[in-house]
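Since the structure of chain A is provided, determine the placement of chain B on it from the hints.
Order-wise, the sequence lines are chains A and B. With this note's numbering as the guide, the letters of the first sequence map in order to residues 5 to 104. With this note's numbering as the guide, the letters of the second sequence map in order to residues 6 to 301.
Treat the hints loosely; a few may be bogus.
[Claimed, not checked] Mimicking DSS-like on lysine-lysine, the simulated pairs with C-alpha atoms at most 30 Å apart in a straight line are:
| no. | chain 1 | residue 1 | chain 2 | residue 2 |
| --- | --- | --- | --- | --- |
| 1 | B | K26 | A | K32 |
| 2 | A | K32 | B | K19 |
| 3 | B | K34 | B | K224 |
| 4 | A | K74 | B | K152 |
| 5 | A | K32 | B | K180 |
| 6 | B | K166 | A | K17 |
| 7 | B | K22 | A | K17 |
| 8 | A | K78 | B | K152 |
| 9 | B | K265 | A | K68 |
| 10 | B | K224 | B | K180 |
| 11 | B | K265 | A | K62 |
| 12 | A | K68 | A | K17 |
| 13 | B | K208 | B | K224 |
| 14 | A | K93 | B | K192 |
| 15 | B | K180 | A | K68 |
| 16 | A | K62 | B | K166 |
| 17 | B | K152 | A | K17 |
| 18 | A | K68 | B | K294 |
| 19 | B | K208 | B | K26 |
| 20 | B | K82 | B | K224 |
| 21 | A | K62 | B | K292 |
| 22 | B | K192 | B | K224 |
Hint data in this document are derived by calculation from the structure and do not stem from the laboratory.
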Amino acid sequence: MREITEEIRQEIKDMIFDYYAEECEVEKDEITMDTNPQEDLGSDSLMFVELIEMTADKYDLDIKLQSIGKYMLKAPMETMSDVVEMFCKIYQYGNDIVNQ
Amino acid sequence: MYNRAFLFNGIGSKPEKLLVKLPSELMDKYEFYLDEAFGRLGLNKDLEKNKAYDGRVAEWIISLICDRVVFEYYISKGIIPDIGAGYSSGIVSISGCFGSVSHEFTHSIIMMNRATMRCLEEHDQRLDMGVVIGFSYSDIEEMFRDKFSSDEIIIGSGNSKFHVMVSGKADSVEKALTLCQNEGALKAFSFGTGVAYHHPIMKNYSQEYVDFCASTEYKDPDYPILSIFDREVMTKGEQILRENQLNVYTPIRWDLAIQKLEELGVTEFFDVSANGAVSKFSRVSRKCKIYTLEDV
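Chain B on its own, in the form it takes in the complex:
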């Protein structure tokens, strides 16, 4: 039933790394969407001129706009998804591209991260996230078992057999990354974002975000979306709303989501990120392939 899946990336790619990969024929469209979104949201296109939180969300919105441009390009080439999945804030992106909510609303969801960051600052919560390359989910689980409590740090996402994202208290993230590096990680680095997405602690500080997600009606998506939390195929608007709400404070198993898509029959994966970021940290079995914008 499902042969082709579209994969949407989360936040994290720097705008310059995304834009350099967008072919010139797509830049006009990108500029058009950017002008419209930044004008509406009161963001400055010169990112450094935005205030602290604005600067951060502005970068994330650029990422969403790039996704939209690439998604529309694939569709225009006759590459139609049978199903899709979104990694982390890729859920927000896929909600817009698959027609469950408007693109304008997805931008507003991203803007709501400012309220979460403000709330964390008010409560003097020092949180962070990091990535470890070279270890699997179970390797990290084993390594953290006797050294950290789940209040301190958790695995925010198992991405593939060699790529794991961790999330929690900033000092624990720092200690954990040093430990991983000493134990043979090829690379271990923190995001320094001040937030710990996918850690349950975020539930206490993201009420405004969660409430905002529910402030519009979600249509049934144009194509099914696989939940990265329970790996159910979602076809109803209310499921997409729930996925967006869970996203802030619930751990992900991206590796298992990819595996589930393969079990559902998917053999062709299309990375919707402009720079092919999803294809780099995801792994599929040999009978499958992840195509990127460059391939298309």
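Extracted from the complex, chain A is given alone in its bound form:
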């Protein structure tokens, strides 16, 4: 397991918020941790794949999409808070996220 600091957690949150703001063409300050990325921002799965690829590149992670898919069966992403939490877990556990 990789350690995650508060700074990294904040960095991940900023990266995710910046990404959705740009892709969904909304102001960043309109997005909160309670925002639903699909319903409120109109995001889709392909945007999500891009975010995963971007994160994997940034933090040099080798992550299979299926591991994330299986995790999402247990923990659906309904709010930005869920998204941030999931990406922090990806950072920490990589493919082992499926067992979290």
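Just chain B now, kept in the frame of chain A:
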């Protein structure tokens, strides 16, 4: 020899998602082409007022018109393709834009899908297509191997390492999508179109469509087109005709077509769909880039 490729999307994008991305300066042109096409074909611009099959093909024709507007915009900006490729019904679209047949004829090809849908209904064939996000072609191939026969379901297109389209009997498509979801797909959903484009079963129900494709003369295209079936570079009208005919009942390897374009030297890809849909499900290597209308 080839540096810049234009990529044309197939059907599937909802008109509202396309139109919201068309800049206002292109809307006049879009409206002009739409009025002309819908008037000629007897389609209602209020899509809900069209009868079942008409409504569906009307949406697809809107997609073709958007492609045309974007294509002409790129050309007007001096962005000229060295080659192109069309994903699924993007073949019909590219045939018109690259000058092999008239735009009017491409609309009529799309209208012929009604005959195919009618024929499927008459034979009580319940077919469907779906998309799986999160698995590659080989992942799905492996997963389906012992569970489905090719009569039931096939991979209609490998789009990229994480995006696959499946096609076949409606109940098998439903089962397959559930399986994929349980195995960790990020998303798996059906189109619910009642057709299984790119599945060989479609050959039995699309004779009228196939015959219609051959009812005009195909000129050599203004720019070469890469076949998404055998990945040959097509420069002759008769090759474009064949591509249009094969399209209905032959599986695609879009991922390999993109790879082939890169091998041919392409580094700049231009997505001709108004909403950048091709750029979302296609992947190119790091030395290449897919530009969208928004970029231009």
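Hints, one by one, checked against the model:
| no. | hint | verdict |
| --- | --- | --- |
| 1 | B:K26 / A:K32 | holds (21 Å) |
| 2 | A:K32 / B:K19 | holds (27 Å) |
| 3 | B:K34 / B:K224 | holds (25 Å) |
| 4 | A:K74 / B:K152 | holds (20 Å) |
| 5 | A:K32 / B:K180 | violated (40 Å) |
| 6 | B:K166 / A:K17 | holds (27 Å) |
| 7 | B:K22 / A:K17 | holds (28 Å) |
| 8 | A:K78 / B:K152 | holds (25 Å) |
| 9 | B:K265 / A:K68 | holds (25 Å) |
| 10 | B:K224 / B:K180 | violated (43 Å) |
| 11 | B:K265 / A:K62 | holds (28 Å) |
| 12 | A:K68 / A:K17 | holds (21 Å) |
| 13 | B:K208 / B:K224 | holds (25 Å) |
| 14 | A:K93 / B:K192 | holds (20 Å) |
| 15 | B:K180 / A:K68 | holds (23 Å) |
| 16 | A:K62 / B:K166 | holds (20 Å) |
| 17 | B:K152 / A:K17 | violated (41 Å) |
| 18 | A:K68 / B:K294 | holds (23 Å) |
| 19 | B:K208 / B:K26 | violated (35 Å) |
| 20 | B:K82 / B:K224 | holds (25 Å) |
| 21 | A:K62 / B:K292 | holds (18 Å) |
| 22 | B:K192 / B:K224 | violated (41 Å) |
Hints 5, 10, 17, 19, 22 from the earlier list are contradicted by this structure; the remaining hints agree with it.
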